[in-house]
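Participant: Each chain is listed here by its residues.
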Amino acid sequence: MSFLSSRVAAFSLLAAVALAPGCQRAVYQAKPQLAPVTAQPVGKALPEDAQVAAVITPYRQRVTQQMSEVLGSAPVPLTKNPGESPLGNFVADLQRQRAAAALREPIDVGVVTNGGLRTSLPAGAITLGSVFELMPFENELVVLDTPGPVMQQLFEYAARIKMALSNVTYTVDAAGKPANIRIGGQPFNPAKTYTVAISDYLAGGGDNMIFFKALKPRDTGVLLRTAIADKIRQLNKEGQSITAKVEGRVKVI
Amino acid sequence: MNRRDFLKNSTFGAASLSLLGVSLPAVAASEAKLVILHTNDMHSRIDPFPESDKQWGGLGGMARRAAMITQIRKQEPHVLLLDSGDIWQGTPYFNFFGGELEYKLMSQMGYDATTFGNHDFDNGLEGLQKQLPNAGFPFLIANYDFSKTPLAGRFQPYKVFEKAGHRIGVFGLGIELSGLVADKNFGATQYLDPVGKAQEMVTQLRGPERCDMVICLSHLGYKYESAKIDDRKLAAQVNGIDLILGGHTHTFMDAPEPIQSPNGRATLINQVGWSGINLGRLDYTFARGTRQPTVAMAAVLPVQLA
Numbered sequence: 001m002s003f004l005s006s007r008v009a010a011f012s013l014l015a016a017v018a019l020a021p022g023c024q025r026a027v028y029q030a031k032p033q034l035a036p037v038t039a040q041p042v043g044k045a046l047p048e049d050a051q052v053a054a055v056i057t058p059y060r061q062r063v064t065q066q067m068s069e070v071l072g073s074a075p076v077p078l079t080k081n082p083g084e085s086p087l088g089n090f091v092a093d094l095q096r097q098r099a100a101a102a103l104r105e106p107i108d109v110g111v112v113t114n115g116g117l118r119t120s121l122p123a124g125a126i127t128l129g130s131v132f133e134l135m136p137f138e139n140e141l142v143v144l145d146t147p148g149p150v151m152q153q154l155f156e157y158a159a160r161i162k163m164a165l166s167n168v169t170y171t172v173d174a175a176g177k178p179a180n181i182r183i184g185g186q187p188f189n190p191a192k193t194y195t196v197a198i199s200d201y202l203a204g205g206g207d208n209m210i211f212f213k214a215l216k217p218r219d220t221g222v223l224l225r226t227a228i229a230d231k232i233r234q235l236n237k238e239g240q241s242i243t244a245k246v247e248g249r250v251k252v253i
Numbered sequence: 001m002n003r004r005d006f007l008k009n010s011t012f013g014a015a016s017l018s019l020l021g022v023s024l025p026a027v028a029a030s031e032a033k034l035v036i037l038h039t040n041d042m043h044s045r046i047d048p049f050p051e052s053d054k055q056w057g058g059l060g061g062m063a064r065r066a067a068m069i070t071q072i073r074k075q076e077p078h079v080l081l082l083d084s085g086d087i088w089q090g091t092p093y094f095n096f097f098g099g100e101l102e103y104k105l106m107s108q109m110g111y112d113a114t115t116f117g118n119h120d121f122d123n124g125l126e127g128l129q130k131q132l133p134n135a136g137f138p139f140l141i142a143n144y145d146f147s148k149t150p151l152a153g154r155f156q157p158y159k160v161f162e163k164a165g166h167r168i169g170v171f172g173l174g175i176e177l178s179g180l181v182a183d184k185n186f187g188a189t190q191y192l193d194p195v196g197k198a199q200e201m202v203t204q205l206r207g208p209e210r211c212d213m214v215i216c217l218s219h220l221g222y223k224y225e226s227a228k229i230d231d232r233k234l235a236a237q238v239n240g241i242d243l244i245l246g247g248h249t250h251t252f253m254d255a256p257e258p259i260q261s262p263n264g265r266a267t268l269i270n271q272v273g274w275s276g277i278n279l280g281r282l283d284y285t286f287a288r289g290t291r292q293p294t295v296a297m298a299a300v301l302p303v304q305l306a
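Respectively, the protein sequence lines represent chains A and B.
Sequential numbering of the first sequence, starting at 1, is according to my numbering.
Sequential numbering of the second sequence, starting at 1, is according to my numbering.
Chain A extracted, bound-state conformation (with noise of 0.2 Å):
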């Protein structure tokens, strides 16, 4: 105890004496005395304030029963990995399915990345809590409208990683480049724009997807998370059992 006020109390002088004379309008000066500490640790020590903890009692109960609502059930895990996924694909092919829907006309590419997926959906019961741990980012869906040369930058990126697309087939040759892609079951055209469903983080150049930061990206209102709940509950009404398998996009030499 005296260790710490003593120290405090020298330090206080020290900076009262540095910080005090000048000239200035005010009649008065404001002179810091920097003690005890200038940051307290708010830890586990301190008691709760029970006026303040009443208020956040029902609001907490709401969280915690959202969070366990149970939005649908998987018979096996959906699963994440680099290169193709179920979760993967799943998650991609909803974009698509959302951003078509949000926009009302038909989207070519869904990508998702293997990095911006936080954790793979359990067996069992998936609840709204499981979706916010796959997807604690408020990331936005949006869609790019998006130039020949810059899908084949989408292709070479997506080959160096085995990445899998939605909508889109192709091999990895020996050299490490994307060969016979196919949109759609069509051969690529490079001189087409595709619109391509995508967070607004990846669309901003995240992960290194630099070549879409010069594309407008179109909003769609709708964030990650919420389509990914979506869906789920959906298939959940339609008697569905929430399914994802990895079904050869990329194919490698």
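You may find that some hints are simply not true.
To be verified - DSS-like cross-link-like pairs, simulated, lysine-lysine; straight-line CA separation at most 30 Å:
#1 A/K44 with B/K159
#2 B/K184 with A/K31
#3 A/K31 with B/K159
#4 B/K223 with A/K31
#5 B/K148 with B/K228
#6 B/K148 with A/K213
#7 A/K44 with B/K33
#8 B/K104 with A/K44
#9 A/K216 with B/K228
#10 A/K213 with B/K223
#11 B/K148 with A/K216
#12 A/K213 with B/K228
#13 A/K31 with B/K74
#14 B/K74 with A/K44
#15 A/K31 with B/K233
#16 A/K213 with B/K184
No lab work stands behind these hints: they were computed from the structure.
The hints should help you fit chain B onto chain A, whose structure is shown.
Facilitator: Relative to the frame of chain A, chain B by itself:
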């Protein structure tokens, strides 16, 4: 052992730390003391971090912060409770209730003022407007022009508080929103040069408003290597600010940093991390000003306890 470790390992709790303040010899009993309490970047952290959190498990929590503030108010008659923005975003409380609870609890704690952080625009201007009735405290912002938005006329650049027998001028500065916040979320809000606005504020507060102390609530950020404006650059360019309470960079400062302003006087900068892990506290007394010339500080003082 540095100070932070000492505090962590000490057997007396954080609550008793605040009691230490009254026993300090540096504070003359006869002088009215102003106690400034502050937070920044609370990011919807209503409950303490879950115990499972590797870094911050068990820390923070608004009910505990409220208890700490109540305790200090019992001992100190002249308290200013301030915040530097990014009240919102970070826990499901914000996703579910749109910031309602954050504003209600801050009102309950008796916050005197805050400024805007970039995340306070996360639900757009409409989302902000919707929650304003829950905020019993003003949002001070000098360098955002809302005149072409639905929020025109809702915010003041500064407010003068009469505390401890003195006039305390508090103004707010926000970070450039473009590139940080989606365009549609800040709409036609215009960002104005923080340095020019800060000079204007000091002129007004030290002049017609006859303030003895000027505090800037800043969400500019503590320090950038680039030319981007930050609290340190602001302090070095603008005279007449006693204290900058910062935010945005989530900086944990062991002690406030004095920065020499052009006239040689020091401006203190403080920031206390994020998520309500800490409550900042600075105590001020007021001395009659002298006409003596300032002894210019040769360098930034190494104000470090460790």
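Participant: When you check the alpha-carbon spacing of B/K223 and A/K31, does it fall within 30 Å?
Facilitator: holds (24 Å)
Participant: Starting from A/K31, check that the Cα of B/K159 is at most 30 Å away, please.
Facilitator: Measuring from Cα to Cα gives roughly 21 Å; hence the hint holds.
Participant: Hey, B/K148 versus B/K228, does the alpha-carbon distance stay inside 30 Å?
Facilitator: Roughly 26 Å separates the two Cα atoms, so the pair holds.
Participant: Please verify whether B/K148 and A/K216 have alpha carbons no more than 30 Å apart.
Facilitator: holds (24 Å)
Participant: Hinted pair, alpha-carbon criterion (30 Å max): A/K44, B/K33. Please report holds or violated.
Facilitator: holds (29 Å)
Participant: Need the status of pair A/K216, B/K228: alpha-carbon distance at most 30 Å?
Facilitator: holds (25 Å)
Participant: Take the C-alpha atoms of B/K184 and A/K31, compute the straight-line distance between them, and say whether it is at most 30 Å.
Facilitator: Cα-Cα ~44 Å, so violated.
Participant: Hinted pair, alpha-carbon criterion (30 Å max): A/K213, B/K223. Please report holds or violated.
Facilitator: holds (26 Å)
Participant: Regarding the pair A/K31 and B/K74, is the alpha-carbon distance no greater than 30 Å?
Facilitator: Satisfied, since the Cα-Cα distance of roughly 23 Å is no more than 30 Å.
Participant: Check the hint pairing A/K44 with B/K159 against an upper bound of 30 Å on the C-alpha distance.
Facilitator: violated (35 Å)
Participant: Is B/K104 close enough to A/K44, meaning Cα to Cα at most 30 Å?
Facilitator: holds (23 Å)
Participant: Under the criterion that the straight-line Cα-Cα distance not exceed 30 Å, is the pair A/K213, B/K184 satisfied?
Facilitator: This hinted pair holds, its Cα atoms lying about 18 Å apart.
Going down the numbered hints, you'll see the structure goes against 1 and 2, while the others check out.
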